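The residues making up each chain are set out below.
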Amino acid sequence: MAAPALERPTATAGSQTVTIAKALNMGLRSALERDPKVLVMGEDVGKLGGVFRITDGLQKDFGEHRVLDTPLAESGIIGTAVGLAIRGFRPVCEIQFDGFIFPGFDQIVSQLAKLHYRSQGKVKVPVVVRVPFGGGIGAVEHHSESPESLFAHIGGLKVVSCANPVDAYWMLQQAIECDDPVLFFEPKRRYYEKAELDPTAPPAPLFASRVVRPGSAVTVATYGPMVRTVLDAASAAAEDGTELEVIDLRTLSPLDLEPVFESVRRTGRLVLASEAPAESSITSEIAARVQQECFYSLEAPVLRVTGFDTPYPPSKLEEGYLPDLDRVLDAVDRSLAY
Amino acid sequence: MSPEQWTRSETDGTTGPPAATAAKPTREQVIAGLRATSEGGADLVQLLTPEGQRVEHPDFDLDISTAQLRDLYRDMVLVRRADREGNALQRQGQLGIWVPLLGQEAAQIGAGRALQPQDMAFPSYREHGIAWCRGIDPTEILGIFRGTDHGSWDPIDKRFHLYTIVIGNQCLNATGYAMGQRFEGKVGDQGGEATMVFFGDGATSQGDVHEAMAWSAVYDAPVVFFCQNNQWAISEPVERQTRVPLYQRASGYGFPGIRVDGNDVLASLAVSRWALDECRHGNGPVLIEAFTYRMDAHTTSDDPTRYRLADEHEAWKLKDPIERLRVHLVRDQGVEQDFFDGVDAEADELAARFRDFCFNIPEPPPERMFSEVYAEETPQLAAQRESYLQYLAGFADEAMAGGVR
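If you're matching them up, the sequences are chains H and S in order. Positions 145 to 482 (the numbering used here) are the ones given, in order, by the first sequence. Positions -13 to 391 (the numbering used here) are the ones given, in order, by the second sequence.
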C-alpha cells in the first residue's frame, strides 16, 4: 500500500529559485511521476491549472484520469477520494479556498478520519486534502479563513502547513507518501514568495517542527503565512538588540513540541502567533501543553497574537485582523516586561 | 390529490401559508396515504405476486431452477431469524441497539445474490442480508451493536465495506471506488467489476446521494444505486423526502431508474443482475428503487406506533417476501415439507449459535481504544495510551494489596 520511498533525483539542474506555488507544482509532478496510483482532483485543477495555478500543466502531461477536473461539490471531491483510496489510489484533493471546505467537512470527519480506526487498520485512506488558507489577499468572504484547528481536533487526521518553497516541495510529497489522511494547509498569501530549492538536498521529516531563527530572549512559535511575519519581526527586534528564537511548527497534528519546550526552557518566554481565532485553537493547545511541561521555566505567561474570535472581516478590515509585525513585537515587549 | 392539499388544513379556509396545525386527515386522505406507501404503481417490476404466482416481465426474464429458488428461500429465512434474534438480544439487554431488517429480506437477498465475487458492495447499516450474501457470518455484525467493535470483517477481503451510519456518505465512497474500477480498466466485458451501494429512501434527501449520482454519471462509474424505499425514515414518510417516485430521479442524472417490487426476491435478483451487468460492461450507473416496507421499528429505540397506522402494517403483512416464495415453492415447484423443516432447523441452530456468540464476545482490552487510529502512530497518542495504561495498572496494584475486586 505504501508509496515507493522518496528518492532524491540523481541528475538535476541543481538548485533554483522558485516560488511556493512553483514548488508545490514540482512536488505534485514528482509524486505523479513516481507513483501511478497518485491522482490530483478538484475543481478547475485540470485545464485551468487551479485558481492559483498550483496544478498548472499537470493534466496536459498526465491525462484526465490522473488529474481530474471534478464536478463542483466538495463533499463529492472528498467522498469519492475516500472511495478511490479504498480501491488503492492516493488522491490529492484540492479545495479551492479555505472557507469552501465545510461542505466536505462531513466526509473528512465522518469517513476519512475514521476508516483506519473503524476497520482496525484493514482499510487505509492515504488522501491528501490541499487547502490554500489564510487572509491578506483582499478577497471576499469565505476566501481568507484559517480552519486548521478544527481538523487538528479530529482523531485520525494529520494536519501540516508549509511556509517556504523547500518545505512546500518536500512536505507535499511526504504527505502524499503518508498512509494516513493529511490536511495540507498552504499559505496562499505567500504563494509567490521565492527561495532557493535544491531538489537533491535531503528533506526534513514531515512531522517535525524546526527552529528557523535562533535567539535567546523570547521564543516565538508560529506556522504557515505567519512565519514570514514573525521572521520580519525578529529582524526588527534584533535591530533593538532583542534576539527572538523563531520556531516554524510545520506540523499541527501531531504537534512536535519538544523543540518548543527546549527553547522555552532556555528563554523562559513564549509568544504564539497565528491568523486563526484564539479560542480553542492550535495556539490554545500549545499554551496548555507548555505550561504543563515548562511551568518552572516560565518567566512570563504564554502570550498569543492571533486573529479575533469573529468571522473573517471584510477585506478593508483585514489589516487590523491579521497579526502584523507590530502586534508580534508588542507581545514580545509584554512578555519581556514580566 | 395534489401535494398542496396534503399539507393544508381543511379548516384553514384562508389564503396564505398553511396553518401550523393541520386538521385531522379525511378518510380520502388516509386511503391516498395508504396507497402511496403500499402500491408500487404501474412501473413496478414483479416476477412473483404476493399470492406466490410466477408472472412474466417483458424486460426482466429470469431462468431459475427449483434448487436456486430453495436457496433464496433459505437465505431469507436464515437472515430473518438472525435479525429476530438480534432484536430479542437487544430487548434482553445484551445489545445496545439493533437495526431490524424485517420485511426487507427479498430486496437484500435478491440484490446480494446478484453480486459476483469481484464486485464491491457499500452498505448502510440495515444490510444484514447483503452481509450474509457476501459471506459474512451474522455473528460478525454483533460487535457493532454490542459495542465491542465498529465492524469486525475485512472490507477489502470480503468486498463488503463497513456499515456506514452517517446517512448517504457511502454513496460517494462507492462512486469513488467504482471510478477506480473504471480507471483500472476493470469494466467492459462479462468478467468486469461493478459496485453496488445500499441506502434508504430518507438518504435520497442527502446532498451526498445527489452528488454521488451526478458524479457517477459524469464519470460513467460502474455503480448500481440500490435504494430500499421502506417508506419511512424513522418517523418521516417518503412523501416528506420527495415529490416524484424515487426511481424517476435517475432520468435527471442521465441513467436508467427502475422500480422493483422489493418484497419479490426474484424481481430483485433479476433487476439487480441486469443492472450489475450493465455496469460490468461499462454502461452504468443504474438506480434501482426496491419498493418495500420496514415491518419493524427503525431501530430498537424507535416506536412506530407513534407515527404510522396499524392498517398500513397489516396491508404489508400480506406481501411478506418469505411467505410468497414459500407458497410458490409448495404449490408450483412441488417442494415437500421436509425442506421447510430442514431450513427451520438450520435457523434454530443459527439462532442458538448467534446468541451464544453474543454472550461470549470478549470485552475489548483498554489498549484497543488507542489502536490503529493511524497507519503511522503519533508520539502523542502513544504517550496517552502509555499514561492511561499506567493509570489503570495503579488500580491493579491496589487490588493486589488490599484485596479489592
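One thing to keep in mind: the hints can contain errors.
Once the Cα atoms are required to be at most 25 Å apart in a straight line, the calculated PhoX-like pairs of lysine-lysine come out as [stated by the list, open to error]: (1) S:K172 x H:K266; (2) S:K144 x H:K266; (3) H:K191 x H:K204; (4) H:K268 x S:K172; (5) H:K268 x S:K144; (6) S:K144 x S:K172.
Stretch by stretch, here's where chain H covers chain S in the computed footprint (C-beta under 8 Å, at least three residues) [what the hints assert, rightly or not]: (7) 165 to 179; (8) 185 to 198; (9) 222 to 235; (10) 246 to 257; (11) 354 to 365.
Read the hints as simulated data drawn from the structure, not as lab findings. Being a predicted model, the structure only gives us computed values, none of them experimental. Glycine included, C-beta positions come from ideal geometry on N, C-alpha and C.
Do the hints match the structure? See the list:
The hinted pair formed by S:K172 and H:K266 meets the criterion: a straight-line CA distance of about 23 Å does not exceed 25 Å. Taking the CA atoms of S:K144 and H:K266, the gap is about 11 Å. The hint holds against a cut of 25 Å. Taking the CA atoms of H:K191 and H:K204, the gap is near 8 Å; set against the 25 Å cutoff, the hint holds. Restraint check for H:K268 and S:K172: satisfied, since their Cα atoms lie roughly 21 Å apart, inside the 25 Å limit.
Proximity of H:K268 to S:K144 is assessed by CA-CA distance (about 15 Å); at most 25 Å being required, the pair is judged to hold. With a C-alpha separation of about 18 Å, the suggested pairing of S:K144 with S:K172 holds against the 25 Å cut-off. Counting residues of the segment 165 to 179 of chain S whose CB lies closer than 8 Å to any CB of chain H gives 5, which reaches the minimum of 3, so the coverage claim holds. With 4 residues having a beta carbon nearer than 8 Å to a beta carbon of chain H, the segment 185 to 198 of chain S meets the requirement of three or more and the stated coverage holds.
With 0 residues having a beta carbon nearer than 8 Å to a beta carbon of chain H, the segment 222 to 235 of chain S misses the requirement of three or more and the stated coverage is violated. Proximity of the segment 246 to 257 of chain S to chain H, defined as three or more residues with a beta carbon under 8 Å from a beta carbon of that chain, is not established by the 0 residues found. With 8 residues carrying a beta carbon less than 8 Å from a beta carbon of chain H, the segment 354 to 365 of chain S meets the three-residue requirement, and the given coverage holds.
Checked against the numbered hints given earlier, the structure breaks hints 9, 10 and satisfies all the rest.
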